[in-house]
Amino acid sequence: MMFKRILVGLDGSAGSKRALSAAIRLAAEQGAELIAVSVEERLPHYAAMVGEVEEAKQQANEYFARVQREAYDRAKQAGIELRCVTLAGHAAQRIVEYANAEKVDLLVLGHSGHTGVWGQFLGTTADKIVRHAPCSVLIVR
Amino acid sequence: MDNAYAVAALWVGLAFLAAMIAGWTGLSVSLAEILVGVAAGNLLHLKTTEWISFLAGFGSGLLTFLAGAEIEPGIVRRHWRETFAIGLLAFFLPFAGVWAFAYLVAGWGLRQAEIAGIALSTTSVAVVYAVMVESGFNETNLGRIILAACFINDLGTVLALGLLFANRNWYLLAFVLATAVVLPVAPRLTQLVIAHTRGRVSEPEVKFVLLLMFFLGGIASAGGSEPILPAYLIGMVLAGTFLRERTLVQRMRAMAFSILTPFYFIRAGTLVSLQAMVASVGLIAVLLGLKVATKFVGVRPITAAFRFPQREAMYTTLLMSTGLTFGTISALFGLTHGVIDQRQYTILVTVVVLSAFVPTLIAQQFFKPDLAAHLAVDAARRVPIGAPAPALPDEAADSA
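Note that the protein sequences, when read in sequence, are chains A and B. Per numbering that gives the first Met the number 0, the very first residue in the first sequence carries number 0; after that it's consecutive. Per numbering that gives the first Met the number 0, the very first residue in the second sequence carries number 0; after that it's consecutive.
Pulled out of the complex, with its shape left as it was, chain B reads as follows (with noise of 0.2 Å):
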């Protein structure tokens, strides 16, 4: 179809089919968006043309700024041993267990191991997030801890993605240079703009962060990196500035909301082949369960050396073993790029968005602490400054 307006309606009328499924059923709209995906590239062999792509590509990145710039910089300030700690072996065990699986066992080439342990050492904030609110968590150290290890997991991902798949070239040193000088006065610039241009209908603030992504961006693609490394980065240290400013946040959602998130995500929907996905049932299990067992090894006795009583760690473990968002984008990365095929992208993503099922409804039938008490304590350890702080529960009884 080459009606570039007729090609717009039919992917907006999707977007909008999302919309309302999301709204009838209680499922979030990027979910909706993918199974929609999946439905129009299986039934209808829905194809995507360059501009598609692009606009595809731009929500991914503007989804990545977005999930930098979440991040609640005091929470990781307060409690980075247990935050660095848990993320970081949420990233690195998974990452070489699937790897290693995908590389030894599967039959895998390097590069596309590479990719599958990317795609499967991820977590989701947003999944866990909106646990954390159904079940009050958020208000919580420990949610709040579970949260901000999410990020520094996913900064992982990001940053592996984007080094490991760049060309060691001219452009790189540049992206490297050039990200070493903005990112530190970023906030500051940010803040200037958003101070001489506020309240303008012209949305300058909207456009200079958009800016220092493109900018980034561009650098970052000319040397064969994945752009959405610098739109976390820039997303992470502004995210400041974003907790002040909540009408840019809103302003930035409603922008990736309405228009370019739905691209990246029926995009990422049609690429799935349903026919790979019935063959490789098998695969999808194992390496779902790979995914899962190796976030056990990982976060599991971390948890236990930080004295997490033992639901607390296994609630944990679990939501750390959860993903979405960044998983799809790594795997889309590899299939765009040629690193991978359909077949291993389908794999890759059908134990991406299971990932987002399984653990959290196991941990939320199985393993939800004990919100009121997780209150209690947390609030008597705020009441008494500098009062020895009171233990969880199950600390108590263990002392006991």
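Pulled out of the complex, with its shape left as it was, chain A reads as follows (with noise of 0.2 Å):
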């Protein structure tokens, strides 16, 4: 099966690195384009203050600014170049819609991410979006 378009998820975990690992080694072997995408879900919900969200977006900004770089970096030693992407909101389900947008033929995600006390009791964000994802996905251990 021949994939031209990957997505990966990057949040910055230790999973989602291992998970940029596969998805360098499977663009490079089958020519495909590959998009990163982080989600910052970590913006306060139901906030009184606009402040507090500003903050906590330029905090998300510049924190997926720097994984970013260094997953750019890492593709770019590949001779992969690497398109990343941030977006805001419930990661699985912002991952989900971008996937189906983009029309991407093969997901690409770390077991193991970032997940708040929510993803302990619901299940994680990959578990969601292996049951929702318009193509194939990889779940890298």
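One thing to keep in mind: the hints can contain errors.
Unchecked claim - Here are the computed lysine-lysine pairs in the DSS-like style, where the Cα-Cα straight-line distance is at most 25 Å:
1) A:K102 to A:K3
2) B:K367 to A:K102
3) A:K56 to B:K367
4) A:K127 to A:K102
5) A:K75 to A:K102
6) A:K56 to A:K127
7) B:K367 to A:K127
Honestly, the hints are just simulated from the structure, not real lab data.
The two chains are supplied separately, each in an independent frame; assemble them into the complex guided by the hints.
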């Protein structure tokens, strides 16, 4: 099976770094386009102050800019031009929406990323994406 | 407890606990502080002292000032028809509807019904902003119009609170005159202070902004009015300055978030009675429904008049039905000025907090518009300057 467009979830965790390595290898082997998507999911809900959301978003932007820079450099070393995207919201929902919109062929995810209290109860982000993804999903352990 | 340091330790400890809960759950720290306050007030019977009340009042003033300063004047000017029409109707209809219900049906007094009308006419810029950022609509014209309309709605709230409850005396006249003199010169004076004192560790520019707030707030308070009115107005006139001076914004936010607003939100929570909440579940549900229904009556037709497609119109109406900060400020004003009792305060704050959740969840789940289509239309509208604006997806379908 050939993959033309691969999407890798990137949150800076050890699991997502392993997923990135696998995605880079696959993209190089198959000559596929590689996109890294990060989701800012820890923005405060039901805020009373715009500043609270803005400050949280700025911190998240800075964090993901670092993570994506590192990922971009790793992909570049393997001869892959990595496209990086940052979204905000519920990680599983936004990744599935983005995969749909971009018509990706393969989603690559790390098994255990950062996740909040609710994630512990309701399953990991990867579990939810597997259930709703519009394409094949590779979970990297 | 007479030991001020022990009292401070207890309150700051609760603020720390709320910050940790917010981090674990993803809730905003303000909401976590209200909930911690409710628990502390009902389980620990936490009482406030005079100095805590002052810090809480200062916190609500600074919160209001920052809310005013967060407005983007350019957006309001660019979309003034939509923002003023939506914002004003989103204030007046719920105010009138809730006031009439509270007075005529629920049997509340005239002044109590006015507090209910003001508290439930509010919307929440911050709740809406968080939704916009999460869904990506903060980058679209639709999102900007909704946010700007929220600011106009809140302006109606602070004007009503500031003017309806002011004593008609010489102090009120002095407040009106002082406001008329200070507001036009405030941006230029603030800019001058910043230019002459930039970089000083003693932060003279922060002190100058606080001086303006306290000066007008002091006169307003003497006239029996609410100091949040001048705070919001000063914030609004300094919004342009704050857009340029991001360091000043960050310093004022740090001061507000770290020590002042926690006292306000925790205090607001401590005054909620769980017993009264349980006893008034029916009225709480009716008032929540009424708030959303009157927002629909006010906002939904005007969005149709501005040719918002169906989904966008519902989304706008639901987001204008949210509430949090100004709703709790209005209810607390009523309680601390002896206008409403603790049961009525509990009812209003519960409805306000629920209105932060319920309309938001419905809007996000069932009426979220197509972001990609909006970004594409906005981009197309920007590129060919002077060319006719392309229709939104549903408009195009309608005309076809």
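Going through the hints against the structure:
no. : hint             : verdict
1   : A:K102 to A:K3   : holds (10 Å)
2   : B:K367 to A:K102 : holds (21 Å)
3   : A:K56 to B:K367  : holds (21 Å)
4   : A:K127 to A:K102 : holds (19 Å)
5   : A:K75 to A:K102  : holds (23 Å)
6   : A:K56 to A:K127  : holds (24 Å)
7   : B:K367 to A:K127 : holds (21 Å)
Figure legend: structure checked against the earlier numbered hints; every hint is met.
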